[in-house]
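Student: Using the supplied hints, reconstruct the complex from the two chains, each of which is provided in its own coordinate frame.
Chain order of the listed sequences is A and B. Sequential numbering from 1 applies to the first sequence in the numbering used here. Sequential numbering from 1001 applies to the second sequence in the numbering used here.
In short, the hints are calculated from the structure, not lab data. On a predicted model such as this, the values are computed, not experimentally measured, just so you know. Ideal placement from N, C-alpha and C gives every residue a C-beta, glycine not left out. Each hint should be verified, as a subset may be incorrect.
Stated by the list, open to error - So the derived label-pair ranges between C-beta atoms look like this:
no., chain 1, residue 1, chain 2, residue 2, range
1, B, K1051, A, L97, 47 to 57 Å
2, A, E48, B, D1046, 23 to 33 Å
3, B, V1062, A, E196, 15 to 25 Å
4, B, M1001, A, N44, 32 to 42 Å
5, A, Q73, B, D1046, 13 to 23 Å
6, B, R1059, A, G244, 28 to 38 Å
7, A, S247, B, G1019, 28 to 38 Å
8, B, S1020, A, L246, 38 to 48 Å
What the hints assert, rightly or not - Simulated crosslink set (DSS-like; lysine-lysine; CA at most 27 Å straight-line):
no., chain 1, residue 1, chain 2, residue 2
9, B, K1052, A, K45
10, A, K16, B, K1051
11, A, K101, B, K1051
12, B, K1006, A, K16
13, B, K1052, A, K101
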Amino acid sequence: MGKFENKYILITGASKGIGFTLAENLDNLGAKLILHASSEDGINKLTESFANKGHLIFRADFSDPLSLEEAWQSQINQDIKLDGFVNCVGLRSRRPLNLLKPAHVMNILHANVASFIEMCRLVCRKNGFNPGLSIITISSIAAHSGGPGVTAYAASKAATEAAVRCMSKELFKKEVRVNSLVCGQVNTEAYSDLMETKASADDVILERQYLGLGSTQNITDILLFLLGKESCFITGSSIPADGGYLS
Amino acid sequence: MTNEEKIALIEETLDIESGSLNPETELLSVAEYDSMAKLSLIVLCDENFNKKLSGEQIRAFVTVGDILAFLD
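Okay, chain B solo, but in the shape it has when bound (with noise of 0.2 Å):
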């Protein structure tokens, strides 16, 4: 899966507006980006990637691009 398209998969899992995120993105200035979105987060990882995410590592991310690379 291209970085493309695990971004559609984050924004559609967050339902937040396509085109929206970019790598750069810093997670704290997008609005969306709340308690049960990073519960969203957890549950993509775990059905469309097969990861187990914990809370620490959710903690950790600062943007975008740090959730594609666990993705990776």
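The shape of chain A in the complex, shown without the other chains (with noise of 0.2 Å):
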């Protein structure tokens, strides 16, 4: 029996990075999963990695929130009652304030805050979830130690760590646990293209993180920490996963 079977775990953002890591680590683990990408190639990526695995596959466009109450209740069984939601989603954005138009600075909240929030309105109502449910979402150090040209990423997660926050007191009555794990520098494709367009060669996060590069693994094993009953004491919470760079 491995630790999380038939537990019915939401991932959103599954196709890549992070949200990819911990799909195959839950899929190991038993546990019936939701996928969610937005894209068709994500789509395809998660059906051809998961094939025969029994899992549900959910698209959604979380740059339109508007959108997800629709596709969430037509794509996915209402009757599927959830353990555990981690929110990979995370729309990067490195411009400085002079290009910064609205349309920009909407798209990134309404893809990172709006849609989050959306989603945890959608899967905490009545009788959508077990009781226990863990919800994780993916923040940055972005959220605490403001940089150059991260203006509009680093608002919108420390928006959903605020959200968070409030959430968790709403949410402890059902018995459900809200907590955002804030990640430094991840061995990611988003941080491989960040570095292929860096006007600088050197990364200065990596000077600040002494414990090195992340990987998704690092940060799979803290999520599978926190979808579990062991971390049941937790809620509210933005739990770093910074290789040392907020020290």
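Tutor: Printed below as a string of structure tokens:
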């Protein structure tokens, strides 16, 4: 019996990076997964990687929070009761203030904040979950330590952490826990893209992140702990997983 | 888009006085050409020209003309 045998866990942003590694781990541990991606490529990757495993695939556009309720209700059997929800959607944004126009900012806030809150609302409706449901959203050191060019991204991550603190206080009576995992620099496709387009070849983040670049497995190990009942006394928290960056 | 129009767009993106750049201008002599300006260039290339500008390519730019050649 795997640790998460027959537990239903939703992973949004599951086709890449941390979400994908988490999906592989939970699959091995016996969980029944609802795997989300926004793009056709992402859906295809999930279908190929997890074919015949009995997991559900959920396609929804997080840049359009208004579309999520219809997508969730039409694609996912509403009798399923979730035991976990890990939000790994995180639209990146690097641009200076002079190019930070409202349409761009709103797109980041829609995908990273409004859609996360909307998914929490949909998941936490009556009969939609089992007591003990653990919700975790991936946050970033950018929410705590500002940097030039990351205004929209950092603001979105700080907003999700604030939302988590409020939701945890609303939802504890339903035996739902909500936490944020504050990640440092992790070796994902998004990180490779970032390094490819950086004007400087140096990675200033890793100078402060003295345990080095994190792996998606490092983060997944902590997510598995936060999903499990061993972490039942932790809620409303922003938990650093940052290789020492914020110390 | 003509070179003049491209230069005007670069000046606007980098928040530089209009008419201060020409193809021969050396980027090192432009005070405003810092890391945020380079980030702005990446966004400019992506949004206005649908071209992906890498860090390596940026570091190879010496003059404004090099940027114009990349945008062609």
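Student: Do the alpha carbons of K1006 (chain B) and K16 (chain A) lie within 27 Å of each other, as the hint requires?
Tutor: violated, 36 Å
Student: Can you let me know if the beta-carbon spacing of M1001 (chain B) and N44 (chain A) is within 32 to 42 Å?
Tutor: holds, 37 Å
Student: The hint says 13 to 23 Å between Q73 (chain A) and D1046 (chain B); measuring C-beta to C-beta, is that right?
Tutor: violated, 36 Å
Student: May I ask you to test the hint 38 to 48 Å on the CB atoms belonging to S1020 (chain B) and L246 (chain A)?
Tutor: holds, 41 Å
Student: Confirm or reject the claim that E48 (chain A) and D1046 (chain B) have a C-beta distance inside 23 to 33 Å.
Tutor: holds, 29 Å
Student: Regarding the pair K1052 (chain B) and K101 (chain A), is the alpha-carbon distance no greater than 27 Å?
Tutor: holds, 20 Å
Student: Within a Cα-Cα threshold of 27 Å, do K101 (chain A) and K1051 (chain B) meet the stated pairing?
Tutor: holds, 20 Å
Student: Holds or violated: K1052 (chain B) and K45 (chain A), Cα atoms, limit 27 Å.
Tutor: holds, 24 Å
Student: Lying within 47 to 57 Å: is that true of the beta-carbon distance K1051 (chain B) to L97 (chain A)?
Tutor: For K1051 (chain B) and L97 (chain A) the Cβ distance comes to about 23 Å; the hint is violated.
Student: Does the hinted range 15 to 25 Å hold for V1062 (chain B) and E196 (chain A) at CB?
Tutor: holds, 21 Å
Student: Do the beta carbons of R1059 (chain B) and G244 (chain A) sit within 28 to 38 Å of each other?
Tutor: Hint holds: Cβ distance 29 Å, inside 28 to 38 Å.
Student: Within 28 to 38 Å: is that where the Cβ-Cβ distance between S247 (chain A) and G1019 (chain B) falls?
Tutor: violated, 49 Å
The structure fails to meet hints 1, 5, 7 and 12 from the earlier list, while all remaining hints are met.
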